[in-house]
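Visitor: Chain residues, written in single-letter form:
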Amino acid sequence: MDTHIQVKNLNVYYGKQQALKNVNIEIPKKQITVIMGPSGCGKTTLLKSFNRFLELTDGTQITGEVLVDGQNIYDREVDVTEVRKTVGLLAQRPSPLPMSIYDNVVYGMHIHKMKKDRKEYKAAVRHYLEIAGLWDEVGKRLHDPATGLSIGQQQRLCLARGLAVEPEIILGDEPTSALDPISSQNIEARLLDLKQQYTTVIVTHTLRQAKRLADHVIYMYMGEVIEAGPAKEVFTNPKHERTRQYLEGLF
Amino acid sequence: MGMKKNYWRRRHLMELFMKTLMRISLVGAAASLGLILWTVVARGLPALTWDMVTQSPKGGFYMGKEGGVLNAIIGSLYLALGGTLLAMLFSLPIALYLKTYLGSSKWGQYVRLSLDVLWGIPSIVYGAFGFTIMIAIGMRASLLAGIIVLALVELPIMVRAMDEVIRRMPADLEQAALALGSTRFEVAMRVVTRQMLPGIVTAILLAFGRGIGDAASVLFTAGYTDRIVTSLMRPTASLPLAVFFQLGSPFPEVQQRGYASALILTIIVLAVSFGSRWLASRLNKYTIK
Ligand SMILES: Nc1ncnc2c1ncn2[C@@H]1O[C@H](COP(=O)(O)OP(=O)(O)O)[C@@H](O)[C@H]1O
Ligand SMILES: [Mg+2]
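Line by line, the protein sequences are chains W and U.
Under this note's numbering, the first sequence is numbered contiguously, ending at residue 250.
Under this note's numbering, the second sequence is numbered contiguously, ending at residue 447.
Don't take every hint at face value.
Said to hold, decoys possible - Distance condition first, Cα-Cα at most 25 Å in a straight line; then the derived SDA-like pairs of lysine to any residue:
id, chain 1, residue 1, chain 2, residue 2
1, W, K114, U, K257
2, W, K20, W, A177
3, W, K139, U, L441
4, U, K443, W, Y220
5, U, K443, W, I110
6, U, K443, W, G14
7, U, K264, W, A227
8, U, K447, W, E136
9, U, K257, W, T56
10, U, K447, W, D179
11, W, K112, U, Y259
12, U, K257, W, G14
13, U, K257, W, A177
14, W, K114, U, Y259
15, U, K257, W, R92
16, W, K115, U, Y259
17, W, K121, W, H111
18, W, K121, U, T341
19, U, K447, W, A177
20, W, K15, U, K443
21, U, K257, W, G58
22, W, K15, W, M221
23, U, K443, W, G58
24, U, K447, W, R140
25, U, K447, W, G58
26, U, K447, W, D143
27, W, K112, U, A205
Unchecked claim - Here chain W is said to cover these stretches of chain U; the calculated rule only asks that three of the stretch's residues, wherever they fall, bring their Cβ under 8 Å from a Cβ of chain W:
id, stretch
28, 241-248
29, 333-342
30, 439-447
Just so you know, the hints here were simulated from the structure itself, not pulled from any lab data.
Positions of the beta carbon are idealized from the N, C-alpha and C atoms, including for glycine.
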């Protein structure tokens, strides 16, 4: 297994409350890893440790290491904006920026000065909207406000916007939980399409979605990683009692 | 079944009644606005000569029948601009403090309540308050004093409007921009500003509109003069007071000039409010509701 993200002895505290307890996991390159577990077990917290979003909350304390390609992203000399450029995030609810569809996609490329001229930016916007499966729907109204899109379209726009900064890793925190079934399917299909090119880490609370997407599974309970491994093994033959109970829907 | 039918009919009647009532109120409001505008235009337009807007009054104390009200136009613009700028200087930090440190806490609610009370206080009270302080420190009626009192009048409007704008800022927005690798500065300049600017511009223009039309607060504090004001320390004329004095005159010609002055003031206020609506709707196109 080619490891992309390695977490070593990670502990996270919100004030006095410990949300992650000595987490040690490895996340494989260019596969979909699904994080599962009952609500409040620390899935979001673990995900946020990968793009340094934990420090946006006052009073969080972090010990341990998160290595991306061998580099600890919490090292002093690491540029947090570079971390977040490399590790994209698809949030629970789509959150378009207060600008047009075009400007939403171009925003990240602009701030990182990724292209030479307008023509290149235009081509890139089209490219990423196509990847996100949105071009056919919005190609003719790129300068309309992004808020005019349906919520499912907004989530695909957020995907296009995230991919446009050329990340290597995509994080998704229950990225379909706010969407209708058709839009959810659409996003899932995108994620499956993209998994050859990106390392993907998805938090989900639906077991079915986990089964459809996962190559690799992490099961958490009360801030601890109980079990992690290839999806086949974990789903068919869980090593731990708790995982088995969760998979059988006992809690 | 019979009962049911009756019940339905009553509901429909009730709706019809309420709808008619609402329509009547709407028509009433629109009609009185139309009537006011019509009065001002019909009486003011004949007297609205080129001289009115290009000259200062001749014959003293607004009682003259010659010259114009340029001194009052310029005075009002100075007063409202100065008051608005000064109010802006204080209201943005106050609004940010309210949001950042007080939030929806008990103290936050107290501050908002007192701002709403201040909003409702008649401006003559502000004027009297300013006048008392001026006497205490031995200051004479002047443009500066008028600006300060107008700023006080405008402050609660502006703070509350900005407070609403800031409170409506979606929490996810900054995170969305940060997740793409933005610096805090880029988030502020490219995202937060775009989201909040329309509301802030509207708040400022709203306050300006209230400031320029206010007579009572500048009555004692800015004074009046026939000349165009040249110094912050000197008294200045203003349009609302020009209207007040001219309409109080026993001469019909001067009264008509009062309507012309009122027309000028109305045009300025309308221009500001339509301008701000137009600007807000343009800027608002992309904001997250
Ligand atoms: N900002 C926060 N402040 C304090 N406690 C928090 C915060 N965010 C999460 N927690 C707590 O940390 C634990 C893990 O939360 P989270 O990672 O959001 O769980 P999950 O995503 O699995 O539902 C929960 O007990 C939650 O109450
Ligand atoms: Mg969560």
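Visitor: Now tell me if each hint is right for this structure.
Guide: Here is how each hint holds up against the structure:
1. A C-alpha spacing of about 38 Å is found between K114(W) and K257(U), which places the hinted pair above 25 Å, so the restraint is violated.
2. Between K20(W) and A177(W), the direct Cα distance comes to roughly 29 Å. Violation of the 25 Å bound is thereby established for this hinted pair.
3. With a CA separation close to 22 Å, the supplied pair K139(W) and L441(U) stays within the 25 Å bound.
4. Among the hinted pairs, K443(U) with Y220(W) is inconsistent with the structure: their alpha-carbon atoms are about 45 Å apart, more than 25 Å.
5. For the proposed pair K443(U) and I110(W), the alpha carbon gap of about 23 Å is at most 25 Å, so the pair holds.
6. The straight-line distance between the Cα atoms of K443(U) and G14(W) is roughly 41 Å, outside the 25 Å bound, and the hint therefore fails.
7. A distance of roughly 47 Å separates the Cα atoms of K264(U) and A227(W); the hinted pair therefore is violated under the 25 Å criterion.
8. Simply put, K447(U) and E136(W) have alpha-carbon atoms about 22 Å apart, close enough for the 25 Å limit, and the pair holds.
9. For the hint linking K257(U) to T56(W), the alpha-carbon distance of about 17 Å falls within 25 Å, and the restraint holds.
10. Only pairs whose Cα atoms come within 25 Å are accepted, and K447(U) paired with D179(W) is accepted, the gap being roughly 21 Å.
11. Of the supplied pair hints, the one linking K112(W) and Y259(U) is violated, its CA atoms being roughly 36 Å apart against a limit of 25 Å.
12. Among the hinted pairs, K257(U) with G14(W) is consistent with the structure: their alpha-carbon atoms are about 23 Å apart, no more than 25 Å.
13. The hinted pair formed by K257(U) and A177(W) fails the criterion: a straight-line CA distance of about 28 Å is larger than 25 Å.
14. A threshold of 25 Å between alpha carbons decides the hint, and for K114(W) with Y259(U) the separation of about 41 Å lies outside it, so the pair is violated.
15. At most 25 Å may separate the alpha-carbon atoms for a hinted pair to count; K257(U) and R92(W) meet this at roughly 24 Å.
16. Restraint check for K115(W) and Y259(U): the C-alpha separation of about 43 Å exceeds 25 Å, so the hint is violated.
17. A threshold of 25 Å between alpha carbons decides the hint, and for K121(W) with H111(W) the separation of about 16 Å falls inside it, so the pair holds.
18. Between K121(W) and T341(U), the direct Cα distance comes to roughly 24 Å. Compliance with the 25 Å bound is thereby established for this hinted pair.
19. Only pairs whose Cα atoms come within 25 Å are accepted, and K447(U) paired with A177(W) is accepted, the gap being roughly 18 Å.
20. Between K15(W) and K443(U) the alpha-carbon distance is near 44 Å, which puts this suggested pair outside the 25 Å criterion.
21. A C-alpha spacing of about 20 Å is found between K257(U) and G58(W), which places the hinted pair at or below 25 Å, so the restraint holds.
22. For the proposed pair K15(W) and M221(W), the alpha carbon gap of about 15 Å is at most 25 Å, so the pair holds.
23. Between the alpha carbons of K443(U) and G58(W) the distance comes to roughly 37 Å, so the proposed pair goes past 25 Å and is violated.
24. As the CA atoms of K447(U) and R140(W) are separated by approximately 20 Å, the hinted pair is consistent with the 25 Å bound.
25. Straight-line distance between C-alpha atoms of K447(U) and G58(W) comes to about 30 Å, which puts the hinted pair past the 25 Å bound.
26. A hinted pair counts as satisfied when its Cα atoms are at most 25 Å apart, and K447(U) with D143(W) qualifies at roughly 15 Å.
27. Annotation: proposed proximity of K112(W) to A205(U) is violated, straight-line Cα distance about 60 Å (limit 25 Å).
28. Beta-carbon proximity to chain W at under 8 Å applies to 0 residues in the stretch 241-248 of chain U; the threshold of 3 is not reached and the given coverage is violated.
29. Only when three residues or more bring their CB closer than 8 Å to a CB of chain W does the claim for the stretch 333-342 of chain U stand; here the count is 9, and the claim holds.
30. With 5 residues having a Cβ less than 8 Å from any Cβ of chain W, the stretch 439-447 of chain U passes the three-residue criterion, so the hint holds.
Checked against the numbered hints above, the structure violates hints 1, 2, 4, 6, 7, 11, 13, 14, 16, 20, 23, 25, 27 and 28; every other hint is satisfied.
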